[in-house]
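The listed protein sequences derive, respectively, from chains A and B.
For the first sequence, position 497 matches number 497 in this note's numbering, and the numbering has no gaps at all.
For the second sequence, position 347 matches number 347 in this note's numbering, and the numbering has no gaps at all.
Treat the hints with care, since some could be wrong.
[What the hints assert, rightly or not] Derived pair list, reagent style SDA-like, types lysine to any residue, alpha-carbon separation capped at 20 Å:
(1) K216(B) - L561(A)
(2) K186(B) - P727(A)
(3) K114(B) - L561(A)
(4) K586(A) - L78(B)
(5) K718(A) - K79(B)
(6) K215(B) - P64(A)
(7) K718(A) - G258(B)
(8) K718(A) - Q314(B)
(9) K181(A) - A163(A)
(10) K586(A) - K231(B)
(11) K718(A) - L75(B)
(12) K189(B) - D589(A)
(13) K718(A) - K216(B)
(14) K114(B) - H197(A)
(15) K718(A) - D227(B)
(16) K29(A) - V476(A)
(17) K79(B) - H229(B)
(18) K250(A) - S260(A)
(19) K231(B) - R719(A)
(20) K250(A) - L386(A)
(21) K341(A) - P320(A)
(22) K718(A) - L78(B)
(23) K189(B) - D227(B)
(24) K586(A) - E368(B)
(25) K114(B) - R592(A)
(26) K586(A) - E212(B)
(27) K82(A) - G173(A)
(28) K718(A) - L233(B)
(29) K216(B) - S729(A)
(30) K718(A) - A71(B)
(31) K114(B) - S260(A)
(32) K216(B) - A163(A)
(33) K137(B) - H95(B)
(34) K223(A) - K253(A)
(35) K253(A) - K341(A)
(36) K215(B) - V476(A)
(37) K231(B) - P727(A)
(38) K114(B) - Q348(A)
(39) K586(A) - K79(B)
I should point out that these hints are in silico values taken from the structure, not numbers from a laboratory.
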Amino acid sequence: MKLNVDGLLVYFPYDYIYPEQFSYMLELKRALDAKGHCLLEMPSGTGKTTTLLSLIVAYMKAHPLDLTKLVYCSRTVPEIEKVMEELRKLMTYYEKELGMEQNILGLALSSRKNLCIHPSVSKEREGKVVDGRCYSLTASFVRARHAADDAVPICEFYEGFDAHGKEFPLPPGVYNLDDLKEYGQMKRWCPYFLARHTITHANIVVYSYHYLLDPKIAEVVSKEISKTSVVVFDEAHNIDNVCIDSMSVKITKRLLDKCSNSITILETTISNMKENDSKRLEKEYKRLVEGLRDATIARETDMALVNPVLPSEVLEEAVPGTIRTAEHFVAFLKRVVEYIKTRLRVQQVVQESPAGFLRDIHTKVCIDRKPLRFTAERLASLIRTLEISDLTDFSPLVTVSHFATLVSTYTKGFTIIIEPFEDRAPTVSNPILYFSCLDSSIAIKPVFNRFQTVVITSGTLSPLDMYPKILDFHPVIMTSFTMTLARPCILPMIVSKGNDQVAMSSRYETREDTAVIRNYGNLLVEVAAAVPDGIVCFFTSYLYLETIVSSWYDQGIIDQLQRHKLLFIETQDAAETSLALINYIKACDNGRGAVLLSVARGKVSEGIDFDHHLGRAVLMFGIPYVYTQSRILRARLEYLRDQFQIRENDFLTFDAMRHAAQCLGRCMRGKTDYGIMVLADKRFSRADKRSKLPKWIQEHLKDTLCNLSTEECVQICKRWLRQMAQPFSREDQLGISLLTLEQLQSEDMQKKIQLRAQGV
Amino acid sequence: MADEDETKEYRWESGYEKTWEAIKEDDDGLLESNVADLVARAKRKRAALKATGAIQLGMMRHLFVVVDASACMFLQDLKPTRFLCVLKLLEVFVHEFFDLNPISQLGILTTKMKRSEQITVLAGNQKKHIEALQHLKDLSCEGEPSLQNSLERAMNGLKNMPAHSSREILVLFGSLTTCDPGDIQKTIKSLKDNNIRVSIIGLAAEVRICREIAKKTGGTYNVLIDDHHLKELILSQVQPPAVAGSIEASLVKMGFPGGTPTLNDGTSDSSADHAPAYCLCHIDSETSSLMGPNGYNCPQCGSRYCELPVECKQCGLTLVSAPHLARSYHHLFPIKPFVERAQVPDATHCFACAKLFVEAETNVYECENCNQIVCLDCDLFIRETLHTCPGCASDPVTAQMKTN
């Protein structure tokens, strides 16, 4: 249907629209008009993707000068494929309506592993190996050697692309990963490099967060995206953690041992080269004297080793004399590695600032800050010069060089923590050095500064006001949309006590209490008896899950449970968990019914959907606070308090509630779906927790559902499930939660939508 | 939707009912009254569907009723227990079933402890079934049910029934889980291949596999709201369903036993027909006694039966009487569905029950033949019970035309 969104003609590829989709478009358009950033929360299953795409494409068509490109960042490959499918639907609709080809090019970009079509390289399973082998076939020096000697293997697809691909741009259309591969096969061009080349002039680019947020990759892939772009981060409730992870480094003892090996390899290669071809090393030395910029004449294929963000003035400078010659640099690296090794030999936990670390390294092994800063660059240059084509072995050394560069570049917002052993196993010596980023705004700052509009959206972003604080930006629009429903298809409940009136809580003081554990068990058994098919339970941690299950076993609760449903448990092993998931789905499909015990923040709680019968109920046992004894977390809390005036407790609650909301949202994936959400902890009913739930859940969490006992909860469930089981068809939704064009345009509905927009 | 006969039970027996919550303002459009609305609409839809008339109905039905007897049937959310409530309603069902489908057969199965048990075999004698149901009351409910086992068992019984009859299974399923020995998908497939329709009534909540079975085999799946709704759901199974696919029409051999013995009109009667004899349906039971001259003799083999309709035990002939067939007649010529109209100002009351239309009732129903206007309740009543339009019947002209 064709919509009029605040004066903008929007082609929407479906015959029906949800009212909240229309409101979403209104808000999004306002943000685009204002050229500002926005935060939008809309429940999952209400068609966020298609709404975003259709409005932004319409906007691009209407204002081709103001908005040239859409960069859509998603988390996983399946999600990227979903976006591409929606985009294809939209473009088909455009073609049908306008009767001509549309001049819009949309493509998906993923790693080499997903795009490679080289007959042997593409067989590799591990991303790193594919990258390494690709590099060994396409690096410039390999190709130069090939020119001299035909026996040196190269990649014919890359050669094909290099020879012809750059002149002929991709024809307009929508290309997902498979389309790109097919096109590459047809033309015999490398799809990966084709896609990377095409990014600069494509209208719509869909790729993973990391291509934009991880400075090591963003520099290479996303450098040339113009300012007049809109960037969308979908499923962005964890965006601050992604930012932090991309800037943090973890160094273990094993990694350092591997580094020493790599250094020996470097040494031997250098001495060999000195004997055979000393000119090359001299040439490199000269180049370095002239300045680092020239040394890294960006050859796109040489990207496997890239530096973390360096302030551009650093790049302008010449590499300091102490590390210019190859031997000196290797000796320098050795010193750094040895120094870190000595630092790891600690008996108690050490925490220090980057400045303290720099002072210490200066006094102990006489290394200045400046050469440290250039470590990553210099290592990349050296590896290029030495023509080492197998990069996989060097990744530990690269990690250390990144650490050296980062620690000397940033003095604020980072901390160094050295732990001699893990807290859970204090007798096993396992020293780890964490270089931890505390400030999520560092990684995302360039994105906010560079692009005119950044859209952060997810099903669960509540409380909205926290994100601008921790990401340090000023949104022009901040809105949370609720879900209009023809029937009350979610049932959130807070169960605060067992039948014996003992309060339920995962509080540290009471979590070992058998009465609490037994009450949790009884709740699960009774819910399992009343709810059909699949039930998903979330615990606060693996440790807690294990202790609870073992005491349930002793109390006979597991036996009772298995009378109603089969039991599956998520473990830290990914293979085991996916096997459990497959069988869980099987048990739900054939009517036996199943319970899945999993952990908030685990693999199951993020990204796996339990729609319809797979998740009729979600139980949240306890509030999923992050492990508060972690030193990294404490450092971050301290930093947030000092820098952003966020109280520790506020942040912890925020973080716990967004994970709880994520878990609860697993069972609701659309308007025809229905699910029970049980929050089993007394503390959930406090206002500070309750008010942090997403609006679409809060709306259904009436006061009468906030302080229930197990028995009351089960009674409500039973009645509600019977209501939900009554026949429900599309006609029942029409006019309330599903609108035709006429209904949307009716004055009544427009008024309602306006009201809703203002009510926020 | 609350139970009307609430007064009979003690307060502590009933569930948590917050009566003050029943009064709800309906401003945001997602409250319980909406669900009630949906139920009413579904009712109407069902009635309309049944009345379309053009479809072929399977009048000769073979039906297995599977009753869940697992542990969960002891729950007391239906009074006195789920199991007893279901059995009681089934008695009504059996009665109504044979009333409306006199030439059909019925069998009863139960499922518990992961097994399935046959209570009665397929037969056309309602007394036997009702007796069996009454015996069932003492059965203890335990273990888990098995959908697959009971479906397989019912299928084995139905497989060999003649192709012109409709084969059906009705499952009353209280449990939310099923404990099956193998892949139930295979069972669903063979049910489909055998043209068996499975309808399921859930007593607790929507179970996905039940919905799937019903959908794939062309049956219906419903979940009750309370015991009244359950009764409605069970009785809705009394109506013969539309024939799935094209079953070839065929001639069925039937026997019409002679009338009362006093009228010796000489058609099939010899003096032997009226000699005292044992009734064949009661011959196995200890209470069997010699019957007098009353009873019905099979015209083919001469066996004596105390009541009709019945399938002859000796020669397998279906014995019916003419009125039985006539009773099924209305299935063939259902009355046309009434037209839904917005309230008309000149009609102030329902033609059938003379109830005044109130503001809240937005829709009334009009018969296309006689243009009389009735309310929703009467519409449903006419369609489901009466099978004739009171307007048309009371109008001398149309009534005359019909008899001509």
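Hints versus structure:
Between K216(B) and L561(A) the CA atoms are separated by roughly 31 Å; this puts the pair beyond 20 Å, and the hint is violated. For the proposed pair K186(B) and P727(A), the alpha carbon gap of about 27 Å is over 20 Å, so the pair is violated. A hinted pair counts as satisfied when its Cα atoms are at most 20 Å apart, and K114(B) with L561(A) qualifies at roughly 17 Å. Straight-line distance between C-alpha atoms of K586(A) and L78(B) comes to about 31 Å, which puts the hinted pair past the 20 Å bound.
Proximity of K718(A) to K79(B) is assessed by CA-CA distance (about 16 Å); at most 20 Å being required, the pair is judged to hold. In summary, the hint linking K215(B) to P64(A) is not supported, as the alpha carbons are separated by about 50 Å, beyond the 20 Å threshold. About 55 Å separates the Cα atoms of K718(A) and G258(B), which puts this hinted pair outside 20 Å; it is violated. A threshold of 20 Å between alpha carbons decides the hint, and for K718(A) with Q314(B) the separation of about 50 Å lies outside it, so the pair is violated.
For the hint linking K181(A) to A163(A), the alpha-carbon distance of about 18 Å falls within 20 Å, and the restraint holds. Taking the CA atoms of K586(A) and K231(B), the gap is near 33 Å; set against the 20 Å cutoff, the hint is violated. With a CA separation close to 12 Å, the supplied pair K718(A) and L75(B) stays within the 20 Å bound. Simply put, K189(B) and D589(A) have alpha-carbon atoms about 15 Å apart, close enough for the 20 Å limit, and the pair holds.
With a C-alpha separation of about 27 Å, the suggested pairing of K718(A) with K216(B) is violated against the 20 Å cut-off. Between K114(B) and H197(A), the direct Cα distance comes to roughly 63 Å. Violation of the 20 Å bound is thereby established for this hinted pair. Using a Cα cut-off of 20 Å, the hinted pair K718(A) and D227(B) holds, with the two alpha carbons roughly 14 Å apart. Of the supplied pair hints, the one linking K29(A) and V476(A) holds, its CA atoms being roughly 11 Å apart against a limit of 20 Å.
Using a Cα cut-off of 20 Å, the hinted pair K79(B) and H229(B) holds, with the two alpha carbons roughly 14 Å apart. Proximity of K250(A) to S260(A) is assessed by CA-CA distance (about 17 Å); at most 20 Å being required, the pair is judged to hold. Simply put, K231(B) and R719(A) have alpha-carbon atoms about 18 Å apart, close enough for the 20 Å limit, and the pair holds. Straight-line distance between C-alpha atoms of K250(A) and L386(A) comes to about 27 Å, which puts the hinted pair past the 20 Å bound.
The hinted pair formed by K341(A) and P320(A) fails the criterion: a straight-line CA distance of about 25 Å is larger than 20 Å. Note on K718(A) and L78(B): the hinted pairing holds, with a Cα-Cα distance of about 12 Å set against a maximum of 20 Å. A distance of roughly 33 Å separates the Cα atoms of K189(B) and D227(B); the hinted pair therefore is violated under the 20 Å criterion. The hinted pair formed by K586(A) and E368(B) fails the criterion: a straight-line CA distance of about 52 Å is larger than 20 Å.
Straight-line distance between C-alpha atoms of K114(B) and R592(A) comes to about 12 Å, which keeps the hinted pair within the 20 Å bound. Using a Cα cut-off of 20 Å, the hinted pair K586(A) and E212(B) holds, with the two alpha carbons roughly 14 Å apart. Simply put, K82(A) and G173(A) have alpha-carbon atoms about 16 Å apart, close enough for the 20 Å limit, and the pair holds. Simply put, K718(A) and L233(B) have alpha-carbon atoms about 19 Å apart, close enough for the 20 Å limit, and the pair holds.
Of the supplied pair hints, the one linking K216(B) and S729(A) holds, its CA atoms being roughly 18 Å apart against a limit of 20 Å. The straight-line distance between the Cα atoms of K718(A) and A71(B) is roughly 17 Å, inside the 20 Å bound, and the hint therefore holds. Restraint check: the Cα-Cα separation between K114(B) and S260(A) comes to about 64 Å, which exceeds 20 Å; the hinted pair is violated. Between K216(B) and A163(A) the CA atoms are separated by roughly 57 Å; this puts the pair beyond 20 Å, and the hint is violated.
For the proposed pair K137(B) and H95(B), the alpha carbon gap of about 18 Å is at most 20 Å, so the pair holds. Annotation: proposed proximity of K223(A) to K253(A) is violated, straight-line Cα distance about 35 Å (limit 20 Å). Simply put, K253(A) and K341(A) have alpha-carbon atoms about 7 Å apart, close enough for the 20 Å limit, and the pair holds. The hinted pair formed by K215(B) and V476(A) fails the criterion: a straight-line CA distance of about 50 Å is larger than 20 Å.
For the given pair, K231(B) sits about 17 Å from P727(A) by alpha-carbon distance, which is consistent with the 20 Å threshold. Taking the CA atoms of K114(B) and Q348(A), the gap is near 60 Å; set against the 20 Å cutoff, the hint is violated. For the given pair, K586(A) sits about 35 Å from K79(B) by alpha-carbon distance, which is inconsistent with the 20 Å threshold.
Checked against the numbered hints listed earlier, the structure breaks hints 1, 2, 4, 6, 7, 8, 10, 13, 14, 20, 21, 23, 24, 31, 32, 34, 36, 38 and 39; every other hint is satisfied.
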